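Chemist: Just so you know, the sequences run in chain order A and B.
Read in order, the letters of the first sequence are residues 30 to 181 in the working numbering.
Read in order, the letters of the second sequence are residues 17 to 199 in the working numbering.
Derived by calculation from the structure, the hints in this document are not laboratory data.
It cannot be assumed that every hint is accurate.
[Said to hold, decoys possible] Dumping the calculated SDA-like pairs for lysine to any residue here, alpha-carbon to alpha-carbon at most 25 angstroms:
1. Lys155(A) / Pro97(B)
2. Lys45(B) / Thr57(B)
3. Lys155(A) / Lys45(B)
4. Lys155(A) / Tyr192(B)
5. Lys126(B) / Gly176(B)
6. Lys126(B) / Gly95(B)
7. Lys155(A) / Ala102(B)
8. Lys155(A) / Thr57(B)
9. Lys126(B) / Ser60(A)
The structure displayed is predicted, hence computed values, not measured ones.
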Amino acid sequence: MSTENIMPEMPVADDEILYRAVLNEARFFPSDGQGGYRISSIAFNDVGRRPSVERGTFCPNGASDTQARFRSGSGVLSLVAAEIRQLATTHGSTGQVYFVDVEPVPLPANPAHAEIFGRPPFDTDKIFDRIKQALARIATVSIAPTMSSPQE
Amino acid sequence: MRLTQNFADDLKVADNKGRVALGSKYAGKRFAVREEADGSTHLIPIIIVPEQDNLLTSRQLNETFAGLEALTDNWDGFGSPAPSSALITYAREVLALLQADALARGVAWKPPHIGSNERGQITLEWWQEQRTLTVFVRSENQVEYLKSWGNDIFNEMEDGELSRICDFIALSRWLYQEESQAV
């Protein structure tokens, strides 16, 4: 897909693929005991509680573009925007509706940059822990890391 | 073991072989006998940790946490601080307690996946099919858990404080129970 006519500020479409690069170490990708990987919730660590992703629309070579922008050998997770938005839910006792969304936050050096955020914002550790857990559940491994030991 | 108010009603008498019947609620439990200088004898409930395949040694614990000790700030590329030495020490003690009690009670034990979050808190994660259990060692005064069995952050996840070891035993039983019986 050509990106020439797509503005980085354009909203993220529901069918858009999003990539998340994570370091190539077992701390993020524990073995599932069957030759595959689990995805740890810490793969979505973010100090500002707005995990960064890259928009597939701006990655003509797919996940490998994201890997190239991060670090050599990194793993790359992928998510679908609609599945992130479907994490919206209502708190059973308070009735508070929590929306989860993704919006473009283009950077000068990286027009693909976007961020996952909450409405209301993920303002407590407990809420963000749950969001990270849900993100880990819906993410898939697009590029397996060139694994190094967690002790390194 | 709790001493009752009316000692006379609960006096136990040893038979001619030194045996004392404590009642069915103490069945299967083990006690250490401590004789005091004043002639009284105390029975102290104890837990025997079976030596199975899951050896609990200081060396093993050190190796388990060695990776965390080597972390520096922004170790993950997402700006997360490294966990403090004090918190790592505390997490090591927490893990040792959880493992010892799980083994003593015959509850399944698998080593957790150990990590750290964006607050420098230490995470212990277990997976079993669709169920996930995460223990957060947030500080030396706060250990919490999050269990999840689906993506819905309110209806398929539950969190709480881990203030007693028996809380963890209940969580372990939930984690390893048959899928059809899970919450």
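Chemist: Are the Cα atoms of Lys126(B) and Ser60(A) separated by 25 angstroms or less?
Modeler: Holds, because 13 angstroms separates the two Cα atoms, which is no more than 25 angstroms.
Chemist: Hinted pair, alpha-carbon criterion (25 angstroms max): Lys126(B), Gly176(B). Please report holds or violated.
Modeler: holds, 21 angstroms
Chemist: Would you mind confirming whether the straight-line C-alpha gap from Lys155(A) to Thr57(B) stays at or under 25 angstroms?
Modeler: violated, 48 angstroms
Chemist: Going straight from one Cα to the other, do Lys155(A) and Lys45(B) come out at no more than 25 angstroms?
Modeler: Cα-Cα ~38 angstroms, so violated.
Chemist: Verify the proposed pairing of Lys155(A) with Pro97(B), using a straight-line Cα cut of 25 angstroms.
Modeler: Cα-Cα ~18 angstroms, so holds.
Chemist: Would you mind confirming whether the straight-line C-alpha gap from Lys126(B) to Gly95(B) stays at or under 25 angstroms?
Modeler: violated, 30 angstroms
Chemist: Tell me if the straight-line CA distance from Lys45(B) to Thr57(B) falls inside 25 angstroms.
Modeler: Distance ~18 angstroms between Lys45(B) and Thr57(B) Cα, so the pair holds.
Chemist: Taking 25 angstroms as the top limit, are the C-alpha atoms of Lys155(A) and Tyr192(B) close enough?
Modeler: Status holds; Cα separation ~24 angstroms.
Chemist: Run the distance test for Lys155(A) versus Ala102(B): straight-line Cα separation, threshold 25 angstroms.
Modeler: Holds, at about 22 angstroms.
The structure fails to meet hints 3, 6 and 8 from the earlier list, while all remaining hints are met.
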